[in-house]
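Number of protein chains: 2
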Amino acid sequence: MTRIAAAQLSLTVGDVPGNRRSGREAIANAAAAGVGLVVLPELSDTGYVFADRDEAVALADPGQTLEGWVEAAREFDVVVVGGYCDRAGDTLTNSAVVVDGTGVLARYDKVHLWGRESEVFTPGTTPPPVVDTGVGRVGVLVCYDLEFPEWVRLAADGGADVVAAPVNWPLADRPEGELPIEVVKAQAAAAYYGVHVVVADRCGDDRGTRWIGGACIVDRTGYLAARPSLDDAPALVTADLDLAAARDKRLGSRNHLVGDRRPDLYG
Amino acid sequence: MTRIAAAQLSLTVGDVPGNRRSGREAIANAAAAGVGLVVLPELSDTGYVFADRDEAVALADPGQTLEGWVEAAREFDVVVVGGYCDRAGDTLTNSAVVVDGTGVLARYDKVHLWGRESEVFTPGTTPPPVVDTGVGRVGVLVCYDLEFPEWVRLAADGGADVVAAPVNWPLADRPEGELPIEVVKAQAAAAYYGVHVVVADRCGDDRGTRWIGGACIVDRTGYLAARPSLDDAPALVTADLDLAAARDKRLGSRNHLVGDRRPDLYG
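Here the protein sequences come in this chain order: G and Y. At position 190 of the first sequence the residue is numbered 190 (this note's numbering), and the sequence of numbers has no breaks. At position 91 of the second sequence the residue is numbered 91 (this note's numbering), and the sequence of numbers has no breaks.
Think of the hints as simulated: they come from the structure by calculation, not from any bench. Glycine included, C-beta positions come from ideal geometry on N, C-alpha and C. Every clue listed holds true.
Under 7 angstroms between C-beta atoms, here's a sample of chain Y residues computed to sit facing chain G: (1) H112; (2) G115; (3) E150; (4) E178; (5) V184; (6) K185; (7) Q187; (8) A188; (9) A191; (10) R254.
Simulated pairs of lysine to aspartate or glutamate, EDC-like, Cα-Cα distance not exceeding 20 angstroms: (11) Y/K249 - G/D173; (12) Y/K249 - Y/D132; (13) Y/K249 - G/E150; (14) Y/K249 - Y/D157; (15) G/K249 - G/D132; (16) G/K249 - Y/E150; (17) Y/K249 - Y/E150; (18) G/K249 - G/E150; (19) G/K249 - Y/D173; (20) G/K249 - G/D157; (21) G/K249 - G/D260; (22) Y/K249 - Y/D260.
For the chain Y half of the interface with chain G, some residues (derived, Cβ under 8 angstroms), not all of them: (23) V111; (24) W114; (25) R116; (26) P127; (27) E147; (28) F148; (29) L154; (30) P175; (31) G222; (32) Y223; (33) L224; (34) L265.
Between the sequences and the hints, there should be enough to build the whole structure, so can you do that?
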């Protein structure tokens, strides 16, 4: 079994050093709890609610962020997945990486952009990467990507044991007592494709935007191994998962999550 | 608004006349409750747990079943979706129809077969049909089909306002207090594609097989308009839905359930 953690963080747009400290603390706390893989939220260095594109350009400093994660991964001997604001020249991407103590193992640019993000970011053009790590095969995608089951399917078909999803889930109305639909979608995608899913979400207030507080861990059957707190407080959500169990795609004695699909008919 | 009903029935394998009576009673009760569209479970005439293929061949009498539904639809002025055992010569299919008082509007053969069904049934080869009815555009698929989001996508892309799913969900262990993963998948599929989903399930005991009691109605946002009882008793689950609202695929002010998809990247 591998202990997995999803960090639910309160971040402040613009306070890059403070946000990085919050991420490093979460990594340290996770390691102290015996965690082998820890996931941080989307855009966890810059914050999310930019005033405009220029502000995002000014804040983006991806080299420092990634260097800090590699250092922390080395110091605490964990695998880290984190969302950050990437910049190459004048091009911004809403990105995520998988890192360990040896460096950046995989990098991904969010493809499905939400809300005003298309005014700031260039969408990615390649599927979720899947990378071998010391704890298992880790796939990565970002927030709204997780709401397209086809995208999770690509990560699962690429061999992911676990899909790590840095997110910023804005709070919206939902019926009393029900799980947010974002969580429901994460559960369903895990079950459709037999892959564990780890979601790192936000809490706090980002220029008036509130967040779900939905950090959670879904096992490959689709059930919640760690329920989201759904409150407005930082949290480190953990669960012990048999990551390699996701390689067995049988469903009962006579069905198979891959073999039962009919892509020839899906158009 | 249109009142929709999902019938949760206790059926007995082999008692075709009794099972048909249960279906007719559900249709009558739905009509008395002001329902415009009522859905009956999978294989609601023959029952599900056949001893072997020969028993299914002997029990299948689709002409009588469909005639009964058309009569009931005419008498009670409702649209009926029902699952039944179809037979053409020696070929059996796990099928469903949409009927109104004028006759059979659409017919469908289950494509994704569960468990021992492949020993009995020939799988279908065509996507869920979508048909205009007096209450709106109705798509239909059967049970395990609903666990393939691509299949719901085809119904939604085909113009369905509501996807009707006759099912027989076998009872399995689940974590205390959690919704069955089959319900979670129905919710997610509704939300991914912005289509209402109505599930008619079983209760009772079919030669030792128990059922979830999961009849439920999901609105196009993915939230439950009518929660499943999850108990072992017949029920008529109803909800009032704005069916045509499913034609609006916008998500918030800047996103779109169809426009945001990237099929060019889904492989």
